[in-house]
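Take these sequences, add in the hints, and give me the full structure.
2 protein chains.
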Amino acid sequence: MITQEIVKSLARQTPSKIVMLVLDGVGGLPKPETGKTELETAHTPNFDKLASRGVCGLSEPVGLGITPGSAPGHTALFGYDPIAVNIGRGVLEAIGIDFPIEPDDVLVRGNFCTVDKNGIITDRRAGRIVSDKSAALCPMLEMKIDDVQILTAPVKEHRFVIDFRGPGLRDNVSETDPQQEGLKPLEAKALSAGAVKTANIVNQFVERARKILGAKHPANMVLLRGFSEKPNLPKMEDIYKLKPAAIATYPMYRGLARLVGMDILSTGTAFADEIQTLKEHYNDYDFFFIHVKKTDAAGEDGDFDRKVKAIEEIDSVLPELMNLNPDVIIVTGDHSTPAMLKGHSWHPVPTILCSAYCRPDKVAEFSESACLQGGLGIFPATQIMPLAMANALKLSKYGA
Amino acid sequence: MITQEIVKSLARQTPSKIVMLVLDGVGGLPKPETGKTELETAHTPNFDKLASRGVCGLSEPVGLGITPGSAPGHTALFGYDPIAVNIGRGVLEAIGIDFPIEPDDVLVRGNFCTVDKNGIITDRRAGRIVSDKSAALCPMLEMKIDDVQILTAPVKEHRFVIDFRGPGLRDNVSETDPQQEGLKPLEAKALSAGAVKTANIVNQFVERARKILGAKHPANMVLLRGFSEKPNLPKMEDIYKLKPAAIATYPMYRGLARLVGMDILSTGTAFADEIQTLKEHYNDYDFFFIHVKKTDAAGEDGDFDRKVKAIEEIDSVLPELMNLNPDVIIVTGDHSTPAMLKGHSWHPVPTILCSAYCRPDKVAEFSESACLQGGLGIFPATQIMPLAMANALKLSKYGA
Chain A
1 MITQEIVKSL
11 ARQTPSKIVM
21 LVLDGVGGLP
31 KPETGKTELE
41 TAHTPNFDKL
51 ASRGVCGLSE
61 PVGLGITPGS
71 APGHTALFGY
81 DPIAVNIGRG
91 VLEAIGIDFP
101 IEPDDVLVRG
111 NFCTVDKNGI
121 ITDRRAGRIV
131 SDKSAALCPM
141 LEMKIDDVQI
151 LTAPVKEHRF
161 VIDFRGPGLR
171 DNVSETDPQQ
181 EGLKPLEAKA
191 LSAGAVKTAN
201 IVNQFVERAR
211 KILGAKHPAN
221 MVLLRGFSEK
231 PNLPKMEDIY
241 KLKPAAIATY
251 PMYRGLARLV
261 GMDILSTGTA
271 FADEIQTLKE
281 HYNDYDFFFI
291 HVKKTDAAGE
301 DGDFDRKVKA
311 IEEIDSVLPE
321 LMNLNPDVII
331 VTGDHSTPAM
341 LKGHSWHPVP
351 TILCSAYCRP
361 DKVAEFSESA
371 CLQGGLGIFP
381 ATQIMPLAMA
391 NALKLSKYGA
Chain B
1 MITQEIVKSL
11 ARQTPSKIVM
21 LVLDGVGGLP
31 KPETGKTELE
41 TAHTPNFDKL
51 ASRGVCGLSE
61 PVGLGITPGS
71 APGHTALFGY
81 DPIAVNIGRG
91 VLEAIGIDFP
101 IEPDDVLVRG
111 NFCTVDKNGI
121 ITDRRAGRIV
131 SDKSAALCPM
141 LEMKIDDVQI
151 LTAPVKEHRF
161 VIDFRGPGLR
171 DNVSETDPQQ
181 EGLKPLEAKA
191 LSAGAVKTAN
201 IVNQFVERAR
211 KILGAKHPAN
221 MVLLRGFSEK
231 PNLPKMEDIY
241 KLKPAAIATY
251 PMYRGLARLV
261 GMDILSTGTA
271 FADEIQTLKE
281 HYNDYDFFFI
291 HVKKTDAAGE
301 DGDFDRKVKA
311 IEEIDSVLPE
321 LMNLNPDVII
331 VTGDHSTPAM
341 LKGHSWHPVP
351 TILCSAYCRP
361 DKVAEFSESA
371 CLQGGLGIFP
381 ATQIMPLAMA
391 NALKLSKYGA
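Protein chains in written order, with the working numbering: chain A, 1 to 400; chain B, 1 to 400.
Bear in mind the hints are in silico, worked out from the structure with no lab data behind them. What you were told as hints is all true, and nothing was included just to trick you.
Each pair may be met inside one copy or between any two copies, as identical chains are not told apart.
Below, a list of computed lysine-lysine pairs in the DSS-like style, where the Cα atoms sit at most 27 angstroms apart:
| hint | residue 1 | residue 2 |
| --- | --- | --- |
| 1 | Lys17 | Lys31 |
| 2 | Lys342 | Lys241 |
| 3 | Lys31 | Lys362 |
| 4 | Lys31 | Lys49 |
| 5 | Lys8 | Lys230 |
| 6 | Lys189 | Lys397 |
| 7 | Lys8 | Lys189 |
| 8 | Lys362 | Lys49 |
| 9 | Lys362 | Lys36 |
| 10 | Lys36 | Lys397 |
| 11 | Lys8 | Lys342 |
| 12 | Lys49 | Lys36 |
| 13 | Lys397 | Lys342 |
Dropping the structure here:
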């Protein structure tokens, strides 16, 4: 397997430009009535033209049968081993709200919950209290314990983020959420010698939170899970000798891009806005990650027709991207989200790679079944970056 | 690569059911006169229907060019790394006769052989003495040496199993069989410090056997090879949170299933008997391994037409299995056994996976050439279990 180290050793800077268009959750499953997937149902003349000019395939984000979360799905696309890179829930929640993470932080996802007078959990979500209420409670939980600053930020409803910021903190701490009602919150335990300080601070925090929230029924207690440190990932710029930028309408994807060192370009909410942003900054970077959320959102909602429509809308704007004439364009997804499953799935993802130097196959349609016949075959998503770099003539020869 | 540890961490219990039908040695090679393999020659309307409903591919049991024995072929199908898991010849011979192995045993395959008055081997198989004679000699070799109990069991003709049962025994001992005639049997040597006791016991056993068998020409000596301990494999139940059962007409396959913790269901000798057994126990388990030997046996005999007929017979009974409507059905083999080669081969194995959530391809026929066009591509057999689990909705999402 080609590792990132090998790619790094071969990478060279050139003026050529790569655009990676990620249609979140684009892969699907056939509607029983028609036997066609969302992508096969959508009318996509521009994607089809790109597919016939390019080389196609199905990318495997993590492995056969494995349904990826957004984090492993994207790290694979950026060329990082999604098994080796572990982005914890706390970090993901934080980047999902553009929370500014610092290197020494330990982040954790908090839930407001309800406990009875004996401390037994009666509702793990505090009746799903409205976001405003949660936002009002969060600042009350900010405090300093010893040399550790504790920051909070509301996410949505009962969910919030807690940031433990201070020297010598480690994320190897057990969760306080017992994952079921009728039990008391668990004590945080250090899972390695280095995490003893963190566990102590966490338990002190939880005790103070219990007192602070005592009268705030139903949100009279907190549950913590997914302790995580900021992963120390090598920057894309250092690996690939690229100047990378991200265009994404959702904070989580901006956050993932930030973790690998991309510049984040502010943009609007529609795909046309994202392409406008691309145009404006086209001369400033040589790698662009463009993330489109609509396809995944429709799939998650189980709305087959809305997913079809989202794909068609993107297709209609595609010519504006093509007019920029990038040296390499990749169209893919971070995973499949079949409307039928109302969630992420394990199915491989239709992918197009188009450049002046790709070896075109006979695929003339952007779809799951057509891409199966493509020149890239079924291949690991981690290899998209090496392929893109090669097609941009940014990789030197390997070996003498 | 997706490891068993990752799959284990994602596995969850659900009521859905998986049936894995293993047609031993099903893959073949074309008959020169027709250009068609055994599977392509067979009339298989039911397998073809299943192939068109499901997703197909070719599974690679161990690796390109590698011809698997039955043990690695099956461990791969059960989701264990066939390179990391080592099932020695002694253990395989023992499970092949339903010999009850205990955790501390060291097992070895014995051959009765003929030596001349100088102790030189003149026939490594003692004239292939009949099984009855071998069975009469075996009990004479049972003994106790120090704290080690030595048990024996006849296999077939000159072959038998020796079980060294006692504390502190290790299988890291060199073989006594020089693998050619005209030499003396070799002394067993400890290949690691921990195996010194075992080697001593083995050499004492061989000397006593020489005396006991002295007058039993042609079976007047023994040769030992394949010292092996019981592999300590994690149970399928612990990895996959499944309740697994095996239905197999041959002891070796029941033994392999037992090593990974399957319950063994007693059954008859025909495929129809096996399906009857499946029906009777269908509510008691959520994973069934059904092993069919006939395909391999015909291939080993070089009998193309009998292999075709075996496949057709299985096909004719298939609807009874389909009527149970399992959530996931897999049809595959542990390796290929082309009649042309009269033995196992390295060719990848035609495979069907069918579930409500598979992404069907255009394959409408169960054959080597059709499966090559399938949506699973050519893939490692170790990934069949993760795929089956995913399709049974028994795997959680990976990563945040």
